[in-house]
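Trainee: The primary structure of each chain is shown beneath.
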Amino acid sequence: MDYAINELEQEVLNATRELAQKKLKPLRAEMDAKEEFSYEMLEEYRKSGMFGLWLPEEYGGLGGGITCLAMAFEELSRVCAGLALTPGTTALGAIPMYLAATKEQRERWCYDLASGKKLWAFALTEPEAGSDATALKTTAIKDGDFYVVNGTKHFISTGKEADFYTVAVNTNPARGARGISLLVIEKGTPGFTFGKKEQKMGIRTNPTYELIFENVRVPKENLLGSEGRGLLYLQETLDYSRPGVAAQAVGIAQGALDETIPYLRTRKQFGQPIITFQALAHKVAELAAKTEAGRALVYSITHRMDAEFLPAVKEALKNGTSVHDELKKIKGGRWTKYSAEAKLFCSNTAMEVADECVTLCGGIAYTREFPLEKYMRDAKITQIYEGTVHIQKNEIATALIKEYASQGE
Amino acid sequence: MNDWKNVWILAEVNHGKLSPTAYELLNAGRKLADDLGEKLCAVLLGSGVEKFAAELFEYGADIVYVCDDAHLANYVDDVYAKTLAAMIAQYKPNKFLLPATNMGRSLSAKTAVFAGTGLTADATEVLINKEDGQLHATRPTFGGNLMATITCKRTRPEMCSLRPMSYEKAVRVPGRQGEVIRFAFDAEKYTSLAKFIEFIKNEGDGLDLSEAEIIVAGGRGLGKPEGFALLKKLADRLGGAVAASRAPVDNGWIDYRYQIGLTGRTVKPKVYIACGISGQIQHMAGMSGADVIVAVNKDPQAPIMKVANYAVQGDLYEVIPAMLEALH
Amino acid sequence: MHIVACVKQTPKSDNVKIDPQTGCLIRSGAASDINPFDEYALEEAVTLKEQLGGTVSVITMGPPQAEAVLKDSIARGADAAYQLGDMAFAGSDTWSTSYALSKGIEKIAAQNPVDLVICGKQTNDSDTGHIGPQISAWLGWPNAAFVKKVVKAGEKSVVVERLTEDGTDVLEIPYPCVLSVVKEINKPRVKSPKGRILAKRAQVTKWTADDVGADKSKLGIKNCPTNVVKSFVPKREVCAVTVEGANGKEKAAKLVELLKENKYI
Chain Z
1 MDYAINELEQ
11 EVLNATRELA
21 QKKLKPLRAE
31 MDAKEEFSYE
41 MLEEYRKSGM
51 FGLWLPEEYG
61 GLGGGITCLA
71 MAFEELSRVC
81 AGLALTPGTT
91 ALGAIPMYLA
101 ATKEQRERWC
111 YDLASGKKLW
121 AFALTEPEAG
131 SDATALKTTA
141 IKDGDFYVVN
151 GTKHFISTGK
161 EADFYTVAVN
171 TNPARGARGI
181 SLLVIEKGTP
191 GFTFGKKEQK
201 MGIRTNPTYE
211 LIFENVRVPK
221 ENLLGSEGRG
231 LLYLQETLDY
241 SRPGVAAQAV
251 GIAQGALDET
261 IPYLRTRKQF
271 GQPIITFQAL
281 AHKVAELAAK
291 TEAGRALVYS
301 ITHRMDAEFL
311 PAVKEALKNG
321 TSVHDELKKI
331 KGGRWTKYSA
341 EAKLFCSNTA
351 MEVADECVTL
361 CGGIAYTREF
371 PLEKYMRDAK
381 ITQIYEGTVH
391 IQKNEIATAL
401 IKEYASQGE
Chain E
1001 MNDWKNVWIL
1011 AEVNHGKLSP
1021 TAYELLNAGR
1031 KLADDLGEKL
1041 CAVLLGSGVE
1051 KFAAELFEYG
1061 ADIVYVCDDA
1071 HLANYVDDVY
1081 AKTLAAMIAQ
1091 YKPNKFLLPA
1101 TNMGRSLSAK
1111 TAVFAGTGLT
1121 ADATEVLINK
1131 EDGQLHATRP
1141 TFGGNLMATI
1151 TCKRTRPEMC
1161 SLRPMSYEKA
1171 VRVPGRQGEV
1181 IRFAFDAEKY
1191 TSLAKFIEFI
1201 KNEGDGLDLS
1211 EAEIIVAGGR
1221 GLGKPEGFAL
1231 LKKLADRLGG
1241 AVAASRAPVD
1251 NGWIDYRYQI
1261 GLTGRTVKPK
1271 VYIACGISGQ
1281 IQHMAGMSGA
1291 DVIVAVNKDP
1301 QAPIMKVANY
1311 AVQGDLYEVI
1321 PAMLEALH
Chain G
2001 MHIVACVKQT
2011 PKSDNVKIDP
2021 QTGCLIRSGA
2031 ASDINPFDEY
2041 ALEEAVTLKE
2051 QLGGTVSVIT
2061 MGPPQAEAVL
2071 KDSIARGADA
2081 AYQLGDMAFA
2091 GSDTWSTSYA
2101 LSKGIEKIAA
2111 QNPVDLVICG
2121 KQTNDSDTGH
2131 IGPQISAWLG
2141 WPNAAFVKKV
2151 VKAGEKSVVV
2161 ERLTEDGTDV
2171 LEIPYPCVLS
2181 VVKEINKPRV
2191 KSPKGRILAK
2201 RAQVTKWTAD
2211 DVGADKSKLG
2221 IKNCPTNVVK
2231 SFVPKREVCA
2241 VTVEGANGKE
2251 KAAKLVELLK
2261 ENKYI
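Protein chains in written order, with our numbering: chain Z, 1 to 409; chain E, 1001 to 1328; chain G, 2001 to 2265.
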């Protein structure tokens, strides 16, 4: 279906489809089995400009917005949700920087970000702080022109492979949540090491690592925005990134259907293709309808976001201000509820579709000869990262309570 | 046009070894020369190559033109093509067959422009047309879907590169003699700006696929790179070599050197065992000259099953181990 | 660095259909695309440009619809596109085609000197491999065919590895020169979103035989040295013996027996 996408978005769609079919598909099974990051695919992403889709042409990007990013993520995840994370997590790690960065910081980081020369990652979760971000224990104490960082992050996607980590730290532990700030910490900074690599259920081609900071001296120029505003930037980041996860979930659901329907058409039992059995056909119809509903929700939201995001970027570049400040001037309300709704619905849909597709295809789909078991394993993460489904429900409920409260009695 | 006489073949020499294509070209060229009532001549270019002349006479050459010079020790396109064009201008051959090897293809193309004449590439059959004495060279095009017969009407020599293995080797007549004509290399004229640096010999199994009598080849149906280990077992047992169709090479399961087909090598073994190869026309172009083709394939409708002498419908992972057992 | 990549529009090799009666190619419905071997030539040109800076121009000779492969090339990273189109070119063999292309390259070089011309190893429709070496012959430039690696592209020369039947030759060739590349050289990229948009907006420069100063007595079906006398669909022998058996094991045993019996093994 055509979601009234513009020319740029259409070409992103065409290009990522071709990239996914020609380059990603031949790699996915082998890399998933080996549980290895693909440098070959990284090179293909670089050559195709996949890291710069949502960045302005001034920095070597394509000039698209959140929709382009989400579309690419959907199409890549449709073939391999794990390898799709290479550009996906780089965007997630770089969005807070891009929102809060000063003109100087943007110029320092965005060229290599858009070209894919440098990868980014997002580091929020800690052993004792996940859903409750305010409980984070990593500290960054000012010492002259540096912050001295101590603490541990875990479950960090694209760990070890990324060059820059946007790390949530507390610069003023006495102030609790109001002490949270964001620092960009570069791989190779003395005292910054990687701990264990996780053995995961799905998205196995994307390395998940523990990050360990021991007296890491980070120049103060790497602070994003101002001290103590970290939670605000994080929330804003998640507003923009959760539709991305939702798009990934739509991609996984669509990919599972792409594998399932042709099989149901050719597999014969009782003398006929099994898709002609109504029970199966109706199940497929239901799954397809939910997938399309999820897609419609995602792109309705991202198009609305872009209507604010793109002008804000333009103003920020013109005025030498931060994107965050320009968004504040333009923006009416928060996206939190809609983003959470998209992520909740789409991730649940992906899990349901992948699960049902395995059942529809039967025994073959339970084997690793067939990609469906991988879709099922990969789908699960969309219900977990960037806030579990329960956290999404909290966000939605909180917003609803506020909305109705403001309407008065 | 009547000044142009005799059938030439290029006897390619690689690193001190006469290429097997030389014997095939002598066989193809002999027939042309006899039909025309002209002489069959071989050309030797290289350094220390004159010693091969005796062998070329035994395989049917009447004259061997030799340009033997240190400058020709390694193949550099311009040096060889300029030399060859000068020899053509001086001796005026009527027809000129070269091997469609990597060197032959590139050398024939450049020489044809320098000599101002037409060239047919990669022919599999050459004949003299009785009516006009023209060379009719037949070659596959469109990946072997179509055969085209090509001629070169107005210019001489009519040049043609001949696909290796298209012809049998000529029959050797021990003691047969001929005439050696030496052509002096002109270091001032036959120059190139390109500089040869070094030759690196292929490492690996050392087995030349084109010389293997038995080939066990795997295709997409292997499903995984490890499948080649199984094929290697069978090949070792039979004293043969392993090869592949294009799909496993594209998937990175095996090196390109093992690829058989239009974009790979052409082979002519006694036995060709195709495992999990569907038999696309591009692949067939490289192996259809085998004496016996055996196909092992799950799909009874696969094109290879139609051309195979022995078609085994079944899972190669069941059939090959069972063959090994039966051979034990 | 100014690199010219030569490309050709050819029928997709996997769906070529030949009329068995006439022996002609059935063009209707036969999708055309860039010759697969030319993708490697273009990719190498674009990769070298990315490493060294400069411009990639693409050139093709062909009918009006061949413009599509030039736009495709832009989408994969080429900067400028040139099309040689003229009835005078029609039916040319490789000798004439390489002559026409060499004239086109001379004209491109007159505007911006060319360092390197890169061609694919061969085309998938005529499989000759002549064009690269022959362009170099017409231009009087050095060349190498079957290039599988560019070891070093320097200021004044390029060091390449050439595939031979028994190994690898290493050659150093000064610019300007012509390389024909094999598919081991790289992995061609797909069209990027930015490239696709640039391709839509791209202007293709179109030249006739007169525009490039080509001598028409060297061009076209009437003047080229070689001609097709006839074409036909090859016959294939059907001689299959289906090896019977209750299961794979039985069939394997039977097969070994048959091969031994006939002294094949």
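Think of the hints as simulated: they come from the structure by calculation, not from any bench. Quick reminder that beta carbons are idealized off the backbone N, C-alpha and C, glycines included. Please note that the accuracy of each hint is not assured.
Claimed, not checked - Some chain G residues flagged as far from chain E (calculated, every beta-carbon gap over 10 Å):
#1 Ser2032
#2 Pro2063
#3 Gln2083
#4 Gln2111
#5 Asp2125
#6 Gly2129
#7 Ala2137
#8 Asp2166
#9 Gly2167
#10 Pro2174
#11 Gly2220
#12 Gly2248
Unchecked claim - The following residues of chain G were derived to be distant from chain E, with all beta-carbon distances above 12 Å:
#13 Met2001
#14 Thr2047
#15 Gln2051
#16 Glu2067
#17 Met2087
#18 Ala2088
#19 Ala2145
#20 Glu2184
#21 Lys2216
#22 Pro2234
Unchecked claim - Under the rule of at most 16 Å between Cα atoms (straight-line distance), these lysine to aspartate or glutamate pairs were calculated in the EDC-like manner:
#23 Lys1201/E with Asp2166/G
#24 Lys1233/E with Asp1291/E
#25 Lys2148/G with Glu2165/G
#26 Lys318/Z with Glu57/Z
#27 Lys2148/G with Asp2166/G
#28 Lys2187/G with Glu18/Z
#29 Lys1224/E with Glu341/Z
#30 Lys2148/G with Asp1291/E
#31 Lys2260/G with Glu1325/E
#32 Lys2254/G with Glu1318/E
#33 Lys2152/G with Glu1198/E
#34 Lys2249/G with Glu1213/E
#35 Lys1130/E with Glu1213/E
#36 Lys1224/E with Glu30/Z
#37 Lys290/Z with Asp355/Z
#38 Lys2260/G with Glu1198/E
#39 Lys2260/G with Asp1069/E
#40 Lys2254/G with Glu2244/G
Trainee: For this structure, which hints from the list above don't hold up?
Mentor: 5, 6, 7, 8, 9, 10, 12, 19, 20, 22, 24, 29, 30, 34, 35, 38, 39
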